[in-house]
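Novice: Below, each chain spelled out in residue letters.
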Amino acid sequence: MTVSATGETVLPPFPVPRPASCPLQMAPEYGEWVAQEGLERTVLADGTPVWAVNRYADIKEALADERLSADGRNPNMPGPGTGPDGTPSFPRMDDPEHNRIRRMFTKDFTVKRIEAMRPGIQKMADDLLDTMTAKEGPADLVQEYALPLPSLVISLLLGVPYDDHEFFQNHTMLVLRSGVSKEEMMGSRRAMFSYLLDLVERKEREPADDLLSRLAQEQILTGQLRREEAVVSASALLVAGHETTANMIALSTLALLQHPDLLARIRDTDDPKVVANAVEELLRYLTIVHSNVFRVATEDLTLSGTRIKAGEAVSMNLPAGNWDPAYTTDPGTFDLDRDTRGHLAFGYGTHQCVGQQLARAELQIALPTLLRRLPELSLAVPAEELTFRNDMIVYGLYSLPVTW
Amino acid sequence: MHVVLDEPKCVASGQCVMAAPDVFDQRDEDGIAILLNENPGDELHAGVREAAAICPAAAILLAEK
Numbered sequence: 001m002t003v004s005a006t007g008e009t010v011l012p013p014f015p016v017p018r019p020a021s022c023p024l025q026m027a028p029e030y031g032e033w034v035a036q037e038g039l040e041r042t043v044l045a046d047g048t049p050v051w052a053v054n055r056y057a058d059i060k061e062a063l064a065d066e067r068l069s070a071d072g073r074n075p076n077m078p079g080p081g082t083g084p085d086g087t088p089s090f091p092r093m094d095d096p097e098h099n100r101i102r103r104m105f106t107k108d109f110t111v112k113r114i115e116a117m118r119p120g121i122q123k124m125a126d127d128l129l130d131t132m133t134a135k136e137g138p139a140d141l142v143q144e145y146a147l148p149l150p151s152l153v154i155s156l157l158l159g160v161p162y163d164d165h166e167f168f169q170n171h172t173m174l175v176l177r178s179g180v181s182k183e184e185m186m187g188s189r190r191a192m193f194s195y196l197l198d199l200v201e202r203k204e205r206e207p208a209d210d211l212l213s214r215l216a217q218e219q220i221l222t223g224q225l226r227r228e229e230a231v232v233s234a235s236a237l238l239v240a241g242h243e244t245t246a247n248m249i250a251l252s253t254l255a256l257l258q259h260p261d262l263l264a265r266i267r268d269t270d271d272p273k274v275v276a277n278a279v280e281e282l283l284r285y286l287t288i289v290h291s292n293v294f295r296v297a298t299e300d301l302t303l304s305g306t307r308i309k310a311g312e313a314v315s316m317n318l319p320a321g322n323w324d325p326a327y328t329t330d331p332g333t334f335d336l337d338r339d340t341r342g343h344l345a346f347g348y349g350t351h352q353c354v355g356q357q358l359a360r361a362e363l364q365i366a367l368p369t370l371l372r373r374l375p376e377l378s379l380a381v382p383a384e385e386l387t388f389r390n391d392m393i394v395y396g397l398y399s400l401p402v403t404w
Numbered sequence: 001m002h003v004v005l006d007e008p009k010c011v012a013s014g015q016c017v018m019a020a021p022d023v024f025d026q027r028d029e030d031g032i033a034i035l036l037n038e039n040p041g042d043e044l045h046a047g048v049r050e051a052a053a054i055c056p057a058a059a060i061l062l063a064e065k
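In order, the protein sequences belong to chains A and B.
Here the first sequence is numbered in the UniProt record's numbering, starting from 1 and rising by one per residue.
Here the second sequence is numbered in the UniProt record's numbering, starting from 1 and rising by one per residue.
FYI, nobody ran anything at the bench for these hints, they're computed from the structure.
This one's a predicted model, so the numbers in the text were calculated from it and none came from an experiment.
It is possible that some hints are incorrect.
Said to hold, decoys possible - Footprint (simulated), chain B over chain A, 3 or more residues, beta carbon under 8 Å:
#: 1; segment: 94-105
#: 2; segment: 342-350
Stated by the list, open to error - From chain A, some residues computed to sit far from chain B (all C-beta separations above 12 Å):
#: 3; residue: V10
#: 4; residue: K60
#: 5; residue: T110
#: 6; residue: R113
#: 7; residue: I114
#: 8; residue: R177
#: 9; residue: D198
#: 10; residue: E201
#: 11; residue: C353
#: 12; residue: V381
#: 13; residue: P401
Positions of the beta carbon are idealized from the N, C-alpha and C atoms, including for glycine.
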């Protein structure tokens, strides 16, 4: 907490922007926050005060505490917690309602299902690089590779025609930008909602081999799930599937270009375990979900020695937790040999990321494929000219101009 | 080592299958964990302990003998 020139107390922003001089590092404030017990009183871009939970152990405790509700219908929940008709997606519900609906989606994200998708993902990655390298460089890696790859994959998995990807990418940008007016954000959410409503209705009549068709046939038509409930959750998966992996691919590429020795190890290894652990370390080191993991206290409680009153909002500071020296030593170093087990990049508790195995497969394919096919890959602009997504719910790069 | 899976708590993250594929699998219909071996041999203990430690729902309980 600091004091302004006029003597008022000013709460620190949440999230704190990463330092412009070292945009892959955490804000130095986070190091101070994890060094002491207690939660930090902070303020979101829209002015809402929230308690930031920063320490690794405190985040795990908070995400396992049933008195901290994820219910998007709670009037004290920051941001829009529900779809346009007032229905929340399953990530914005509490158990047992959350678990009942989540289990309708999990069959498409099992380890086995995702393993079976790997050859398809590999082909998409190769095709995108063929297209990119058929032209003269430089190219924007975000637009040519990092974004279209997960976009193609999630569209295929859900059964959304990829021809509509521009529509989704544009609306996803607006939904996930902090500080966008509520009207603008709700406009985008409504547009996506009504598009998906039509699509799901079509899948009820003409099913194909995809997640939305299975939901339509097995859950909606049997009366287990309302069409609106299916659509608001599918929309959450579509947004998450576009943005998180896309930003991990681009930001990981930058991190590797800045650590050529580590880049060479990932490029040259034939051991999938080395690649897998490198991906886990990138997930931990970069922790791109730097905001938006909110809970609201349903009763007074104490966490990390701080008293939280019923109705107050709490925000998980996943980057700080993954950089907590009590969790892992020398956390600010990008280290391919680190024991990365138990990192918080996918959250923790009953809401832990439903798409995590898909994200792992995409990253384990996308990064080595890029490095092996383009061994001369380098930045096409000075690193200082890159612009970072401090104003987005998911951190990353707006563009990454590269040559090869 | 005796392993107990608290199935209603499972959130189908698949982390146990990654950590100990010889001891855990997932149901095809909803990804919920299946315990393949309640009394895994010594060579599997490290993976099972890891699975129990990283399970996001704390749904894997171990009784060490």
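Novice: Now tell me if each hint is right for this structure.
Specialist: Hints, verified against the model:
1. 94-105: holds (count 4)
2. 342-350: holds (count 6)
3. V10: Since the minimum Cβ distance to chain B is about 36 Å, V10 of chain A lies beyond 12 Å and the statement holds.
4. K60: violated, 9 Å
5. T110: Given a closest Cβ separation of 4 Å, the condition is violated.
6. R113: About 8 Å separates R113 of chain A from the closest Cβ of chain B, which leaves it inside 12 Å; violated.
7. I114: The claim breaks: I114 of chain A does not keep its Cβ more than 12 Å from every Cβ of chain B (closest is about 8 Å).
8. R177: Per Cβ check, R177 of chain A is outside 12 Å of chain B; nearest 28 Å; holds.
9. D198: At about 27 Å from chain B, D198 of chain A clears the 12 Å cut-off, so the statement holds.
10. E201: Since the minimum Cβ distance to chain B is about 24 Å, E201 of chain A lies beyond 12 Å and the statement holds.
11. C353: Non-interface label fails for C353 of chain A: nearest chain B Cβ at 8 Å, not farther than 12 Å.
12. V381: holds, 38 Å
13. P401: Holds, because the least Cβ-Cβ distance between P401 of chain A and chain B comes to about 35 Å, which exceeds 12 Å.
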